[in-house]
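Enquirer: Using the sequences provided together with the hints, build the complete structure.
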Amino acid sequence: MSNVTLGRTHITVDKNGFGTLPVQRVTKEEAAVILRRAYEGGITFFDTARAYSDSEEKIGLALSGVRNHIYLATKTMASTPEGFWKDLETSLSLLKTDCIDIYQFHNPPFCPRPGDESGLYDAALKAREQGKIRFIGITNHRLSVAQEAIQSGLYDTLQFPFCYLADEKDIALVEACREQDMGFIAMKSLSGGLITNAAAAYAYADQFDNVLPIWGIQRLSELEEFLSFIQDPPSMTGEIKALIDRDRKLLSGTFCRGCGYCMPCPAGIEINNCARMSLLLRRSPTASHLSPAGQEKMMKIKDCLHCGQCASKCPYGLDTPALLERNLKDYEEILAGKEMTPDNF
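Residue 1402 in my numbering sits at position 337 of the sequence shown; the count goes up by one each step and never skips.
Do not rely on the hints blindly, as some may be mistaken.
[As the list claims (entries may be wrong)] Derived DSSO-like pairs (lysine-lysine); straight-line CA-CA distance at most 30 Å:
1) Lys1394 <-> Lys1378
2) Lys1367 <-> Lys1378
3) Lys1093 <-> Lys1161
4) Lys1362 <-> Lys1394
5) Lys1362 <-> Lys1306
6) Lys1151 <-> Lys1161
7) Lys1151 <-> Lys1234
8) Lys1234 <-> Lys1093
Rather than coming from a laboratory, the hints here were simulated on the basis of the structure.
Expert: Structural data, given as structure tokens:
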């Protein structure tokens, strides 16, 4: 069994956090079964967001009876103090709690600070004084904002993408959080579905004793695999290391992470899936991707306006239009019967 402590918050939980973004895709009844099973199986850290449609409501319905035995983290995308307070009160009501353990600024394009024009950090301080939140966190996909947040000393936790595709800069963030006694919550631990070996993902994260991975779960079968890691944590074997090395060669670099911050597209293109379709076809069941509906989504790429909005909003600085064109070409070759290999992408 592996535990992790989130820095100066002293929140200590099993190294299996529950990311509830996928829970919005299932019914309330299904969500209740999954969330309760997660708690009964030993998961006590649940991360959600005001932006995740009804995920907060589902957590409140399923877990309010065990509130004193779990930790809740949620997020606000508000850009004003008024929006901050509206989001906070809504989250408290839906989660059926009077205090949120970690309240996070959700991927802001800057690092909120006391006294700045946004007023967001001052609102968080007031909420903490009122006992409505315990700790102040920040989530981001931008390396520069994450680095500034760590250096500021203002935040108790950072949530940032981290998995075995991480590079030296990402690992440096983990170490900087350790030095600042700041909790590190790892989102995208399965790289938005591109990592298909959960044991390998866990074994990599387990090498960093201050990292709490949160797994996006929407099926009981997925949950049971992660629950099995509580009693029998996967270790970094030679076989797993070889698998990771292969994936790094295939996936590292300029690929779409599927974060969705480029959306919405004015041409209606589902960018966060279409820009990584070639990889999805190689690493997940192909039936839905190649179905008439899947083909219709991919052909929308031909309607691209070349407005540049997606590229300007990409936190990873990707040439998104070029990625879309590349994926469409590969997709059409696959439809024509060309074999999928790493060399033709």
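Enquirer: Look at each hint and say if it fits the structure.
Expert: The hints, checked one at a time:
1. Lys1394 <-> Lys1378: Answer holds: Lys1394 to Lys1378 is near 24 Å, not above 30 Å.
2. Lys1367 <-> Lys1378: Holds, because 20 Å separates the two Cα atoms, which is no more than 30 Å.
3. Lys1093 <-> Lys1161: It holds: about 15 Å lies between the C-alpha atoms, which stays within 30 Å.
4. Lys1362 <-> Lys1394: Distance of about 14 Å is within 30 Å: holds.
5. Lys1362 <-> Lys1306: This hinted pair is violated, its Cα atoms lying about 36 Å apart.
6. Lys1151 <-> Lys1161: 15 Å, holds
7. Lys1151 <-> Lys1234: 35 Å, violated
8. Lys1234 <-> Lys1093: Given pair Lys1234, Lys1093 is violated - Cα atoms ~39 Å apart, limit 30 Å.
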